[in-house]
Amino acid sequence: MVQVEQDIMSANQRHADVNRRVFAGRGIFVINLVSSPGSGKTTLLVKTIEALKGEFPIGVIEGDQQTGLDADRIAATGAPAYQINTGKGCHLDAHGVGHALEHLPDLRGGLLFIENVGNLVCPAGFDLGEAHKVVVLSTTEGEDKPLKYPDMFYASDLMLLNKADLLPYLDFSVETAQGFARQVHPGMECLTLSARSGEGMEAWLEWLRQGVTAASATAKPKVLLSEGT
Amino acid sequence: MSLCEGLVQTLESQAAAQHFSKVHKVWLEIGALATIEPEAMKFNFPIVARGTLAEGAELVTELVDGEAWCLQCSTRVAVRRHGDGCPNCGSYQLQILEGQQMRVKQLEVS
Ligand SMILES: Nc1nc2c(ncn2[C@@H]2O[C@H](COP(=O)(O)OP(=O)(O)O)[C@@H](O)[C@H]2O)c(=O)[nH]1
Ligand SMILES: [Mg+2]
Ligand SMILES: [Zn+2]
Chain A
1 MVQVEQDIMS ANQRHADVNR RVFAGRGIFV INLVSSPGSG KTTLLVKTIE ALKGEFPIGV
61 IEGDQQTGLD ADRIAATGAP AYQINTGKGC HLDAHGVGHA LEHLPDLRGG LLFIENVGNL
121 VCPAGFDLGE AHKVVVLSTT EGEDKPLKYP DMFYASDLML LNKADLLPYL DFSVETAQGF
181 ARQVHPGMEC LTLSARSGEG MEAWLEWLRQ GVTAASATAK PKVLLSEGT
Chain B
1 MSLCEGLVQT LESQAAAQHF SKVHKVWLEI GALATIEPEA MKFNFPIVAR GTLAEGAELV
61 TELVDGEAWC LQCSTRVAVR RHGDGCPNCG SYQLQILEGQ QMRVKQLEVS
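Chains as they are written, first to last, in this note's numbering: chain A, 1 to 229; chain B, 1 to 110.
Some but not every residue of chain B turned toward chain A, in silico, with C-beta under 10 Å: (1) 4; (2) 5; (3) 7; (4) 11; (5) 33; (6) 35; (7) 36; (8) 81; (9) 92.
Sample of chain A residues at the chain B side, in silico, Cβ under 10 Å: (10) 9; (11) 10; (12) 93; (13) 146.
Bear in mind the hints are in silico, worked out from the structure with no lab data behind them.
Glycine is no exception: its CB is placed at the ideal position from the N, C-alpha and C atoms.
Assemble the whole structure, with the sequences as input and the hints as a guide.
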């Protein structure tokens with residue numbers, strides 16, 4: 001009989017810590033975007049990149065179980081995208097993200113989006129080294145998603161309520177959804193927007209700009225970098 | 001890396017550190033706020049363990065409550081789920097202190 005005190009997530013955590021140091025050294029603001037399938041993550045990324053490109057470097061890591069379709073949609077904007085095919089895996093892990101970085105250009109002083117696999121359960125437990133998890137909930141889903149998947153809403157720092165253009169046709173209460181999110185995660189930030197119509201996008205873009213400005217302040221001069229250490 | 005793969009990796013690193021080659025039984029403590037279903041873990045573990053040092057090992061899971069600090073009544077309270085209120089006063093203003101762990105506690109090895 002042997003005694004052990006080791007968390008089984010510690011291997012992932014070590015890789016996430018390395019990623020976080022690399023991001024800090026390069027001054028990159030990193031967002032881990034999570035949601036159910038179809039909430040609008042890829043659409044939102046395309047619109048976000050179109051609005052922000054030219055302001056700072058932007059890259060995307062796409063997590064998908066099978067296809068490269070989402071990466072192709074991102075590449076059409078001109079932003080570099082790298083696809084991780086997770087196969088049967090239902091989430092990205094920090095080790096895979098670390099290697100994906102080798103396939104992207106230097107995003108120094110910019111923004112990296114990681115679109116996680118559409119799944120509100122498993123990605124919650126895996127730190128990738130991001131600054132924030134951002135959870136997308138769409139108005140065509142139930143308002144009670146935060147209560148059904150509390151771990152994900154607890155792990156996320158910002159909730160984006162997407163598909164606001166459909167609100168007039170739906171029986172969806174923004175207030176109720178935000179109330180449930182804050183029941184699970186007191187003080188959680190919430191924004192309502194539509195990736196399709198563009199309404200509400202400006203507040204999200206401003207949130208990103210502020211994050212990029214704060215993150216780029218930590219960048220070390222290139223010559224002093226010793227990455228992966 | 002799935003959670004079960006994480007568990008097998010943990011066992012492999014322990015085997016190297018504590019000099020054993022076969023695991024017969026694993027005691028795993030799971031915090032109530034960890035992102036995991038103990039039943040799913042029990043189902044998947046034998047599959048992932050096949051062909052490893054833990055092939056055929058028995059997995060014993062112990063679910064322990066999480067802990068939070070209630071900002072309303074200023075007490076340390078038990079929590080079983082994110083979004084549950086304080087058991088004392090019903091407030092949702094809880095700061096989670098513990099409960100996300102998935103910790104290997106003890107192993108029967110040879
Ligand atoms: N009405 C409406 N549809 C949207 C909006 N955002 C995305 N969609 C649609 O929702 C579907 C899924 O979007 P996608 O970006 O692929 O979701 P993902 O699986 O989260 O990446 C697509 O048909 C999109 O056109 C929106 O703001 N309003
Ligand atoms: Mg997508
Ligand atoms: Zn209380």
